[in-house]
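Chain A is fixed; fit chain B onto it per the hints.
Residue strings, one per chain:
2 protein chains.
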Amino acid sequence: MYKERIRLARLHDKVVSADEAAALIRDGMTVGMSGFTRAGDCKEVPFALARRAATEPLRITLMTGASLGNDIDRVLAEADVIARRLPFQSDATLRRKINAGEVMFIDQHLSETVEQLRSGQIAPVDVAVVEAVAITGQGGIIPSTSVGNSASFAMLARKVIVEINLNMPLELEGLHDICFPVQRPHRQPIPLIAPEQRIGLPYIPIDPEKIAAIVITAKDDSPSNALPPDAGTRSIAGHLNDFLLHEVRAGKLSPALQPLQAGIGTIANAVLHGLVDSPFRDLKMYSEVLQDSTIELLDAGRLSFASASSVTLTREVYRRFLYNLDRYRSRLLLRPQEISNHPEILRRLGLITINTALECDIYGNVNSTHVGGTHMMNGIGGSGDFARNAHLSVFVTKSVAKGGDVSSIVPMVAHVDHTEHDVDIIVTEHGLADLRGLAPRERARTIIANCADPQYRELLGDYFRRASARGGQTPHLLEEALSWHVGFRDRGTMQPAQALAA
Amino acid sequence: MYKERIRLARLHDKVVSADEAAALIRDGMTVGMSGFTRAGDCKEVPFALARRAATEPLRITLMTGASLGNDIDRVLAEADVIARRLPFQSDATLRRKINAGEVMFIDQHLSETVEQLRSGQIAPVDVAVVEAVAITGQGGIIPSTSVGNSASFAMLARKVIVEINLNMPLELEGLHDICFPVQRPHRQPIPLIAPEQRIGLPYIPIDPEKIAAIVITAKDDSPSNALPPDAGTRSIAGHLNDFLLHEVRAGKLSPALQPLQAGIGTIANAVLHGLVDSPFRDLKMYSEVLQDSTIELLDAGRLSFASASSVTLTREVYRRFLYNLDRYRSRLLLRPQEISNHPEILRRLGLITINTALECDIYGNVNSTHVGGTHMMNGIGGSGDFARNAHLSVFVTKSVAKGGDVSSIVPMVAHVDHTEHDVDIIVTEHGLADLRGLAPRERARTIIANCADPQYRELLGDYFRRASARGGQTPHLLEEALSWHVGFRDRGTMQPAQALAA
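Each protein sequence line maps, in turn, to chains A and B. In terms of the working numbering, the first sequence is residues 99 to 600. In terms of the working numbering, the second sequence is residues 99 to 600.
It should be emphasised that the hints constitute simulated quantities derived from the structure, not laboratory data. Treat the hints with caution; some may be incorrect.
Same chains, same label: a pair holds when it works inside one copy or across any pair of copies.
Claimed, not checked - In silico DSS-like links for lysine-lysine, alpha-carbon gap of 30 Å or less:
| no. | residue 1 | residue 2 |
| --- | --- | --- |
| 1 | K257 | K350 |
| 2 | K350 | K308 |
| 3 | K317 | K496 |
| 4 | K500 | K308 |
| 5 | K350 | K195 |
Next comes chain A alone, as it looks inside the complex:
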């Protein structure tokens, strides 16, 4: 059964158990694993590693594309296998260890990990572990539902373990476009000028001698955990749609807009979902992850092409997609994340980027990662790659969290991931702040008036007025700037103590 998927016959005797394959990975090694936003991760070798760690010392540096599914990060963290982790994660157990200082987490722009590997800025990959649909007659690896950093890991590693997942339909072949920038100083322009353009190969071209082990698996990706749209996210989508329509009417955008990017998660997914009923047509995506909304937009005929690095769907849509690939094949492409997130291409294409903020401050600086300014949530992911180089950089968030005890609009964010320079538009369920061409004081008035929740609007206005009286390009009362966060930490709410007493 699996032999038809290993088309280079001399590799057939590389098929081993997950435990045998995992034995190639030794204590202290750097391991590059496939997987991007829960899609296309390895399904067996990670668990074999965790089992082995129970009987011998085994601590590794684990690099991936982005987050893993199937509880891999949880199991590896519990088994204490992960000493260092990069460039992204989203697992509760691993997160706890990161925030306890037990796992060193290097939070990176997703376009940069491979750049740093290739130039020797970070330790080289000893072993790559990559999920595949099949191996070609020349030993090329055909990835599954994500490309992420798999291609680069496989090409840069000394040894490669391939997991062939029989649950992944062979029809995924042809969906990938594998290409990289060459090593400096001889790098040429990347020839990509449109989301639908193919510039590479449909498989990862490696020397088959590097394939040290092949493991056969049969397990699905973990489903997306994005929640369905609710009143708040629908309202955010509505404000953004109205704004884009206004830009089209003003002649600043065509009805096809610009290529779209949307970050992973509930709000960005809902915003894209909102485009199903929009008047825009012939939309294209150039994103890092395709979610349910992408499939809905393709089904609705709104979207004519989608390029990304992974496909992460809820259980129902996953089945529909994976077993009807012929319906989508000509309108989808999966690329290495170095290409999906590359500044060169992003700046050239001029995207409308939609990413989720944990909190924004009144001047439009965005915190995407650190709860309370200190505790890592998931990581910056691709948001910096996209926001910095966007035609129009949009950040979305609900105006409050924790039942209203946390305002997502604060005097000063407690951690900065995106500076005001990289934030054009902020949208909450209350409205949209168009910050283009505005100075910080103007940004503050717009954000407070349009985005803040009414219960925090006057408090923010009061802070801004008192700070402005002291002067500055970006007025602040430093002794008070982070007091909202301290208030939530110590009293469970950002509302001031006297308001509670009243």
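Relative to chain A, chain B alone:
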């Protein structure tokens, strides 16, 4: 005399006085002026504007390449001509008005202003005012000592005023390389793959009908105000040289390093100066401004080519350069700042970038702009363009300021311009912190040990230890994080009160 500089004869009758030319600029207009780091600014029309403002309402939006010399920003600010200003400035009077909230200052990545103009994200330029050496037979404008945004302003504006500066030698012709990305969605790759490559024209190609006035001037650029190297900056240069040498010996860099960028100012200039006595050879620069150190490196034979957007020199070096252009002509090139700072090219070339920090925090976030977190110094300039896309992003600063009362290494920067993701190396006179591949807690230990001044080292270590005990990826004591800045503001020192009493 001037007629030989206006080679399209029918433009001869466009020559008018500065006052007549300035009359084209009316209240409420957006004006794009040449000038980048004090080089190639207009010498007469700005003053005519200031004079007119004494007798009639005249408030404009002023865009430039970067900072202006010749007190232009001072005079225009005093005359209340500037309502809005972008994307950079460095004048004390204008700065005062910006920080008082009287002038709206839009601080931008220098690569982005023209991108935003071209796509209609910010208000269009009504009139461009551009300094030139000459006008070609076809009406093309030959810039002087900077290109900056002049070419784009001239091409996008409805009307163009050209100032022909007779003090600028005609030999500057041929030094420029004018080229732009085309408007999206039809943008092609920018073909530049090496600092020395020419991809454009030696003049700004505009419809000569747009040239509405020509003013003849004869005035030098303001000299650079960079200070000569001192013991501290020499020490910073030494640490960086040692590190680069180590990288070469480890095979991570060639003896030609990677193309160099250095920000404007005393420290970066001194660091480059330090390379004169280094073992590196065949160095190249791909920077935004060429300073005295560039000329010294060329003279010393260390540097084989330098590409930038302007030349800003001290008085003595300026004369030497301007009247010996034949010595330098084949080894220099001036480009539009959209090209000198373009993410596509920077990421492709893989620069070593050297920029100055106002302050860094223990996790390696950098404040380049806001004194005390609130008051604008100059602006982010190109530092974000370069640091984000660098092969190796270096930030330099002296470890203390104000005679030791301010530590440049603080628990938390009071304003973030560059996040930890974009900062690889920090250097002070005490040493160098190599932050590549490190998690925030590791970054903190390295920065405190290597970069902090001894008088603040224990205080920083104490903060970090107490914060770490509370947990987090990026541990902080939010109630204390900005207290050092408050201490300096209220007591004149970041040293704690009890230390002063002791």
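| Alpha-carbon proximity between K257 and K350, which holds within one copy, between copies, both or neither at 30 Å | between (51 Å within a copy, 22 Å between copies)
| said: With identical chains, the pair K500 and K308 could be close in the same copy or across copies; at 30 Å between alpha carbons, which is it: within, between, both, or neither? | reply: For K500 and K308, neither the intra-copy (50 Å) nor the inter-copy (58 Å) Cα distance is at most 30 Å.
| Alpha-carbon proximity context of K317 and K496, limit 30 Å | neither (35 Å within a copy, 56 Å between copies)
| request: Can you give me the call for K350 and K308, within, between, both or neither, at a CA distance of at most 30 Å? | output: Between copies only: 24 Å across chains, 51 Å inside a chain, cut-off 30 Å.
| For the identical chains here, do K350 and K195 meet the 30 Å Cα criterion within one copy, between copies, both, or neither? | neither (47 Å within a copy, 33 Å between copies)
Consistency note: the structure conflicts with the earlier hints numbered 3, 4, 5.
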